[in-house]
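Student: Chain by chain, the residues run as shown.
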Amino acid sequence: MKFLCVDCDKQMAFEERQLPGDGTLAATFKCPTCGRVVAMLTNPMETQLVSSLGVEIGGRTVPAQPLETVRKMVATGRDDAFDDGASGVGRGALWSQEATERLNRVPSFVRGMVKRIYADFAKERGIAEITPAVMDTARAELGLEGM
Amino acid sequence: MPPIRTYHELTDADRSGLPEQIGAQRKRVAERLAGVGRVIAVMSGKGGVGKSYVTAHLARALARSGRAAGVLDADLNGPTIPRLLGIEHAPRPTSQSGIEPATGQDGVRCISMAMLLEDGAPLAFKGPSAESFVWRGAMEASALRELLGDVAWGSLDTLLLDLPPGMQRYVELCDILGAPPPVLTVTIPTPESRDAVQRAMRAALERGSQLLGIVENMVGDEFPGSAGDDLSGEFGVPILARLPWRPTPDAWAGLAGRL
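Read top to bottom, the protein sequences are chains A and D.
In terms of the working numbering, the first sequence opens at residue 722 and continues consecutively.
In terms of the working numbering, the second sequence opens at residue 122 and continues consecutively.
By construction, these hints were calculated from the structure, which means they are not laboratory data.
Do not take every clue at face value.
[Stated by the list, open to error] Over 10 Å on every C-beta distance to chain A, these chain D residues come out as not near it, computed from the model:
#, residue
1, D133
2, Q146
3, E252
4, S276
5, G287
6, P301
7, Q319
8, L326
9, V358
10, A374
[Said to hold, decoys possible] Sample of chain A residues facing chain D (criterion: CB under 10 Å; computed from the structure):
#, residue
11, V727
12, E736
13, L740
14, G756
15, V759
16, L774
17, G798
18, R799
19, D805
20, M834
21, A849
Here a beta-carbon is modelled for each residue, glycine too, at the ideal position from N, C-alpha and C.
All chains should be built: construct the whole structure from the sequences, respecting the hints.
Tutor: Right, here's the structure in full:
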């Protein structure tokens with residue numbers, strides 16, 4: 722899928738992706754010549770179709786993790802299907818120094834909850850290290866602006 | 122309004138890079154399977170002919186003959202291979218390089234959706250239930266791709282893929298692998314099985330798969346017919362085994378030796 726600014730006859734460039742949390746997706750595209758911005762809005766079924774291909778609109782911010790789609794999308798999976806403990810994958814994911822510094826800027830009374838949300842996000846996707854990029858992805862996908 | 126340029130005429134770099142992401146997925150599968158001597162799809166186009174049973178015992182016979190074997194249970198909705206290989210559930214060890222397969226009888230390596238699903242639970246995906254037929258097939262194809270590309274198969278002589286009835290999984294497999302895999306066909310002697318398997322073999326042949334041969338299963342008085350001979354004659358491929366209801370270890374060894 723591509724977007725063309727008809728007035729300028731220029732291919733519009735991807736700007737931003739937002740996942741409001743209701744199963745829909747918004748992606749904005751900007752004309753490099755005139756600056757016009759348009760938004761593509763997909764319904765839950767269309768959003769799901771993209772997810773089912775294992776691709777990310779706007780590009781990947783973190784590398785694909787083993788069995789990412791299965792972990793993320795299977796609703797009837799075992800809680801103990803994977804042994805992530807030994808490798809540092811999942812709830813025990815490592816926090817990079819930058820991510821730790823960013824977490825420490827979260828108010829202390831909600832820091833524990835926020836940390837758990839990011840850890841669960843990492844576990845579901847088999848992510849071994851939580852970095853600022855992972856946090857950005859989680860915020861966008863889970864609608865956690867401000868965390 | 123002047124004619125609008127077509128999709129293919131817009132060639133600027135795209136940050137989403139969806140074709141590149143798809144390409145990276147396929148590269149991951151190819152790299153993972155680089156250590157596998159051959160990947161064989163076990164299929165029939167017909168349910169209930171014993172594909173999984175044949176697959177599991179063939180893998181064991183291969184392993185007993187000194188050829189490292191693995192089974193990918195590609196029947197995502199009705200997985201049975203772990204039970205056939207005597208594999209009890211245990212969490213699969215995970216690392217950044219992949220998921221460890223389970224090891225079954227005779228050292229056969231195996232991955233199956235049965236290991237990842239709650240006991241007795243159907244394979245269900247998160248997402249909108251309305252019009253789920255639109256995306257469910259793609260989701261299953263992604264799961265199959267991950268089972269191929271994200272499992273640390275290691276060095277194998279043969280990886281058998283136990284396909285469910287029908288042709289959908291085979292078509293997905295061709296796309297994921299980038300080339301049609303060689304096919305081992307399982308049938309029972311009946312005309313009904315012959316007709317269904319014939320369609321599947323024709324489809325596989327049209328897609329470009331090498332037909333390795335036919336296993337005629339459940340041979341005996343219960344299921345009269347000549348499906349094996351009929352299919353062998355039409356497609357010019359050998360019958361690799363005629364298996365009675367209770368095959369002996371020698372029968373499995375013979376099949377493994379002819380594959």
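Student: All hints, please: hold or fail.
Tutor: A quick look at each hint next to the structure:
With a minimum CB-CB distance of about 4 Å to chain A, D133/D fails to clear the 10 Å threshold, and the non-interface call is violated. Listed as a non-interface residue, Q146/D fails to keep its Cβ farther than 10 Å from every Cβ of chain A; the least gap is roughly 6 Å. With a cut of 10 Å on Cβ distances, E252/D falls inside the contact zone with chain A, its closest approach being about 5 Å. No beta-carbon of chain A is positioned within 10 Å of the beta-carbon of S276/D; the least distance is around 19 Å.
With a minimum CB-CB distance of about 19 Å to chain A, G287/D clears the 10 Å threshold, and the non-interface call stands. Every CB of chain A is more than 10 Å from the CB of P301/D (nearest about 21 Å), matching its label as outside the interface. Q319/D, annotated as away from the interface, keeps every beta carbon of chain A farther than 10 Å; the closest lies near 32 Å. Consistency note on L326/D: stated as away from chain A, and its beta-carbon is indeed over 10 Å from all of that chain's, at 29 Å minimum.
No beta-carbon of chain A comes within 10 Å of the beta-carbon of V358/D; the shortest separation is about 35 Å. For A374/D, the non-interface assignment is confirmed: its Cβ lies about 34 Å from the closest Cβ of chain A, beyond the 10 Å cut-off. At its closest, the beta carbon of V727/A sits 6 Å from a beta carbon of chain D; the interface hint therefore holds under the 10 Å criterion. Hint on E736/A holds. Least Cβ distance to chain D is approximately 9 Å, under the 10 Å limit.
Of the supplied interface hints, the one on L740/A is violated, with its beta-carbon coming no nearer than about 13 Å to a beta-carbon of chain D, more than 10 Å. At a threshold of 10 Å, the smallest CB-CB gap from G756/A to chain D is about 16 Å, leaving the interface hint violated. Of the supplied interface hints, the one on V759/A is violated, with its beta-carbon coming no nearer than about 15 Å to a beta-carbon of chain D, more than 10 Å. At a threshold of 10 Å, the smallest CB-CB gap from L774/A to chain D is about 6 Å, leaving the interface hint in force.
Interface restraint check: G798/A against chain D, minimum CB-CB distance 5 Å, threshold 10 Å, status holds. Hint on R799/A holds. Least Cβ distance to chain D is approximately 5 Å, under the 10 Å limit. Satisfaction of the interface hint for D805/A is found here, the shortest Cβ-Cβ separation to chain D being roughly 5 Å, below the 10 Å cut-off. For M834/A, the interface hint is violated, the least distance from its beta-carbon to any beta-carbon of chain D being 22 Å, above 10 Å.
The interface hint given for A849/A holds, since its Cβ lies 5 Å from the closest Cβ of chain D, which is under the 10 Å cut-off.
The earlier numbered hints that this structure contradicts are 1, 2, 3, 13, 14, 15 and 20.
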